[in-house]
Amino acid sequence: MPALAALPVAVPLLVAAALVGAGTLLRRRVADIVAIVTAATVTGFGAALLARTLHGEAVVWFGGWTPRSGIALGVAFAIDPIGAGMVTLAGLLMTSALTFSWRYFETVGTLFHSLMLLLLAAVAGFCSSGDLFNMFVFFELMSVAAYALAGYKIEDLGSLQGALNFAVTNSIGAMMVLSGTALLYGRTGALNLAQIGVSLASAPSDRLVVVAFLLLLVGFFVKAAVVPFHFWLADAYAVAPTPVCVLLAGLLSELGVYAVARVYWTVFSGPLEQHAAPLHALLFAGATLTALVGGVMCTLQHHLARLMAYATVSHVGLTLLGIAVLEPEGLAGAALYAAADGLVKAALFVLVGILAHRFGTLYELELRGRGRELRWAAPLLVLGALGLAGAPPFGTFVGKALIEEGAHGAAHWVAALITVVSAMTAGAVLRVTGRVFGGWGPRSLGGRDVASAEEAHRQAAEEGEELRAPRSLVGPSMIAPVLVLLGASVAIGLVPGLSDRTVVVAARFVDRAGYAATVLGVPRAAPPVTAPVPHGGRLVAAAPWAAAAVALAFAGAWAALFANQLPRTIRRRVRRIVVPAARGLRGLHSGQLGDSVTWVMIGTAGIGVLLAATLR
Amino acid sequence: MRPATRRRAFLAAAAVVGGLLVWGMGGLPPAGVYNGPYGLVLNQVAVPERHATNVVAAVTFDYRGIDTMGEEFILFAAVVGVAILLRTMRGEAEHEPEEEVRGRDVPGTSNAVRVAGLAMLGPIVLYGIYVVAHGHLTPGGGFQGGVVLATGALLVYLSGEYVTLRRVRPVNAVDRAEAAGAGAYVVIGLFGLVAGGSFLYNALPLGTTGELVSAGTILPINVAVGLEVAAGFVLLLSEFLEQTLVLGASGRTGP
Amino acid sequence: MKPLEYLPYLVAAWLFLVGVYGVVTSRNLIHAVTCLAVAQSSTYVLLLAIGFRRDATAPIFFDVPLGTRAVDPVVASLALTDVVVGSTVTALLLALAVQIHKRLGTLDPNELRSMKG
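Protein chains in written order, with numbering that gives the first Met the number 0: chain A, 0 to 615; chain B, 0 to 254; chain C, 0 to 116.
Isolated chain A, as found in the complex:
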């Protein structure tokens, strides 16, 4: 067990160092194979951990430093099925990404593979860790690797800008996480999550707890790109090379939400439990705002990668919705949804990457009708859209059903919100499919709102982004990852009884006293949390909402493509409302560094005031 817990981190780190050390001695294909095998091995470790932890957390103390009378001297990995599941997911995404890059990059040094493996190791460590500062260290390792990978295409000015914005904004978030950790250390003298939780639980919430919670929450929200901390994401995810986007969109954003959940339930649930109502409301509002803003911005985009980036933002909002209910069902739903949705988004990013590789451009208008030679990609895109919409048999359907159930009283509002938002993102993807592969839709977009897109198009052409010559045909190494990722997402949805089992796991996740007992080896301080009684009705109850989402998605795509056929008066009225709103929203997303940081500060101030007023 100690070996199994440490190896998902140690092996990729060692291989990454070896790849850099071997440097030019290694031929590119050898490096590719080594990296892919390493990622696959990590996937295997993750799956083994998942199996081992189904009945209880696995706790491993590094250096053999076990705690003494409840005081943790060393650093622990405390792995539960949700953490192990994320490690497996990370391994799977990385294997697919590296397979895709086999053909995607004409020439690439071993430095790329090394950074990708470092990213993988960091994610594995982050999801396994039971120590707050250790989480920060892996958080930073993940971030540093991501900054460099996002800026990989140094010829594109957009890449450099996006990476810069990404790096500065996320660094500020990381500083906040560290400051929150320091405050908690000052109060409790501990860095171990369980120990801090035990220490805080003995006293009611006071100003230090509130501010520490604020700092940690905001820091992780920046990573997760919750509104208003999300302004950096589209610029960064849209310019990163596709294999990197697979990981960024498939996993990294959800890790911020995971961290909030983990830190809340192990550390803060003691003092903050009594204030669950305002906290619930705040998280709910943040999730709703994120989901809606992300969804609307997604439909307004005509650059495929930016479209997918905003889809990522809005789906993070939906995942946060599951956490916001502060119940095991919601958490279970969020976990399943994040996993299945991450796989679908990764598959869609790969498809977008295939289009970029073949046609050299990602602007929807330029690609209009050209998809005919890649016919087989169209049904895959439609499948991906269905996955985004949360249609059965995708795992997203099960996740949504659980989240809706977890909302109890507000179930209908939550279901309606999820339906509308997933319809928006799925509809955008369907619109793109129709335009690129069917050649449908207007040849150019009238209206001032999108004239800016055409102007930006010209600007990008000047900057050389469009000068990539179309490459050779797409090979199997680029198609296989799509199939594997979509298949995995469907597999999650098809496992019988998965939702019930996940709820049981989630009940253990939220059990602070149980976690502390397992990690610190002290007797339980409170009676165990009983898992809610399972009932199979949730999938049936969610089915009509899922059907509605799919129908709305198709309707929305049809409307976008064939709007010119609608009567003129309707078009004019819609345009009068939509265009100024769209322009306003787009204007906020200026992509300037100063703006994203200012919004981080504004968000911190707002959330801080709310927390200070309600959480004591």
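Simulated from the structure, these hints should not be mistaken for laboratory data.
Watch out, some of these pointers could steer you wrong.
Covered by chain C, per the in silico footprint, the following chain A stretches (three or more residues, Cβ under 8 Å) [to be verified]:
(1) 128-141
(2) 148-159
(3) 162-169
(4) 184-194
(5) 592-604
All C-beta atoms, glycine included, are put in the ideal place defined by N, C-alpha and C.
Guided by the hints, dock chains B and C onto chain A, whose structure is given.
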């Protein structure tokens, strides 16, 4: 947002956040009072348990060794990242900057500077090695010593011997040294796993407190980290210096 | 006496806010990156202030007997990690700034426009 609006919005938000931070920090014990169990326990047990007189080093490389491994790899990732970001692009060639200098006479480095720099090189390298090796006894360690070693390379550049530096710094050797340092940490951890049952277990003999060779794996880890940090910073230095290559008329670097 | 006793924490808060202010209002990328480093240093001050003890020596027992009153070693270790992390992120950002300057000819963040889509 327009810059003026942005500034005003930011100042308002920052005032609120500042107020919140000050309010929250009021809940901390005053500076100078430390009650937390973690540090107090470690100050008592670290020396007898690990035979290392520098408790900070014992914490960094033993009790919380996995954090330091992550930190070392953050440095590694950043160096690799900088190498990726500053790689030569298509169409970019290292050109003689005399075209940029345009007739301006680039003065060579004065002999005094060159001699002083090179004279200091030896003691600095020696000092760096001393700091690395004695990390478990006195203040210092792999990170600090590694940086001192890297400044030796900087000194070579400043004393005007960049050409020499490039010759002395064959890229591959320094790259390999950095990778070796990083990989060695993981290998030591795996050794602990095999020999002691948990990753990064301190499985080497602990020796006598106060001796140079003591404290088990802390010394080898320090050496590995020192190697990696020194190599990493030399690489960073040369990546940035190559961007601004200014070779004077005599083939020596100018200021 | 309260403000004086909490002075290090106030300094940490000030450093953070001033650093981020510099990032937001900067007109030169190198300046912005340096301001970020200033903001980062607020975490060092905060950590070390938390572990400080009055009339205590460094936790190095080479020439002082074991059991002497010493400051917290853990925050020193955390601060060390923090310094390394901060400096590496600064290096990455400076590399990005160098490349942006090569492509754009300017280091003014306001000149960087988002790609529209």
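Outcome, coverage hint (the segment 162-169 of chain A, chain C; C-beta under 8 Å; three residues): holds (count 4)
Coverage of the segment 128-141 of chain A by chain C (three or more Cβ within 8 Å): holds (count 3)
Residues of the segment 592-604 of chain A with Cβ under 8 Å from chain C, three needed, outcome: holds (count 5)
Proximity test - 8 Å, beta-carbon atoms, the segment 148-159 of chain A to chain C, at least three hits: Satisfied; 5 residues make the cut.
Outcome, coverage of the segment 184-194 of chain A by chain C - at least 3 residues whose beta-carbon is closer than 8 Å to one in that chain: n = 3 at 8 Å, threshold three: holds.
In terms of the numbered hints stated before, the structure departs from none.
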